[in-house]
Amino acid sequence: MTYAYRGADGPGGSAFGWTPADIKLYSGFKPWRSDSLPNTRANLRKLVNDGTLATEAGRWCSEKNREDGWFFCVDLNEAIAVRHSLLYLYRFDITDLTQQAWTLLGKDDVPEMQLYLDSNDLDTATKIAVVWIGNPEQLLVMSPVGVDLIDLRIDQNPDVWLPLKDYNGN
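The sequence shown begins at 13 in the working numbering and counts up one residue at a time.
Treat the hints loosely; a few may be bogus.
Calculated pairs, DSBU-like style, for lysine-lysine (alpha carbon to alpha carbon, straight line, at most 35 Å) [said to hold, decoys possible]:
{"hint": "1", "residue 1": "Lys177", "residue 2": "Lys58"}
{"hint": "2", "residue 1": "Lys42", "residue 2": "Lys119"}
{"hint": "3", "residue 1": "Lys42", "residue 2": "Lys76"}
{"hint": "4", "residue 1": "Lys177", "residue 2": "Lys76"}
{"hint": "5", "residue 1": "Lys58", "residue 2": "Lys42"}
{"hint": "6", "residue 1": "Lys58", "residue 2": "Lys76"}
{"hint": "7", "residue 1": "Lys36", "residue 2": "Lys58"}
Source of the hints: derived by calculation from the structure; they are not laboratory data.
Use the sequences and the hints to build the structure in full.
Here you go:
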């Protein structure tokens, strides 16, 4: 895995509709239920210990309801993401994510789920994501992704990626 992709149609579109200015204003991408790494780690531990991680992942993939907002979804394939996006396409690097054993959280297994971290210790991980077996082409990101880590492509210039932090509206 190299990049994760997220598309948006802009205001009034069918996708989540946020402009680059909106994403900059909100300091990047983050799940509805997490605005910090300590919250993300606590959320993951809670869902794993409660045995509800797969249920919540499935619910998010089908409904994307804010109350179920433990995650935000990104595509692992650029071509799929492009099909979902009419105006803006965002990406961020995930090359440092590796699949980890659930024993890091004291479990032998978490059915239907795979854990991805940028560390072999949850307490030092800065990128935290899971894959639900019911939708393996999407990464469910649990940790916030800051503006400085996001690139932007606009449909008028489809072959150029620009760091989102440098985007000035033109």
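Verification of the hints:
no.: 1; hint: Lys177 <-> Lys58; verdict: 33 Å, holds
no.: 2; hint: Lys42 <-> Lys119; verdict: 26 Å, holds
no.: 3; hint: Lys42 <-> Lys76; verdict: 13 Å, holds
no.: 4; hint: Lys177 <-> Lys76; verdict: 27 Å, holds
no.: 5; hint: Lys58 <-> Lys42; verdict: 18 Å, holds
no.: 6; hint: Lys58 <-> Lys76; verdict: 20 Å, holds
no.: 7; hint: Lys36 <-> Lys58; verdict: 29 Å, holds
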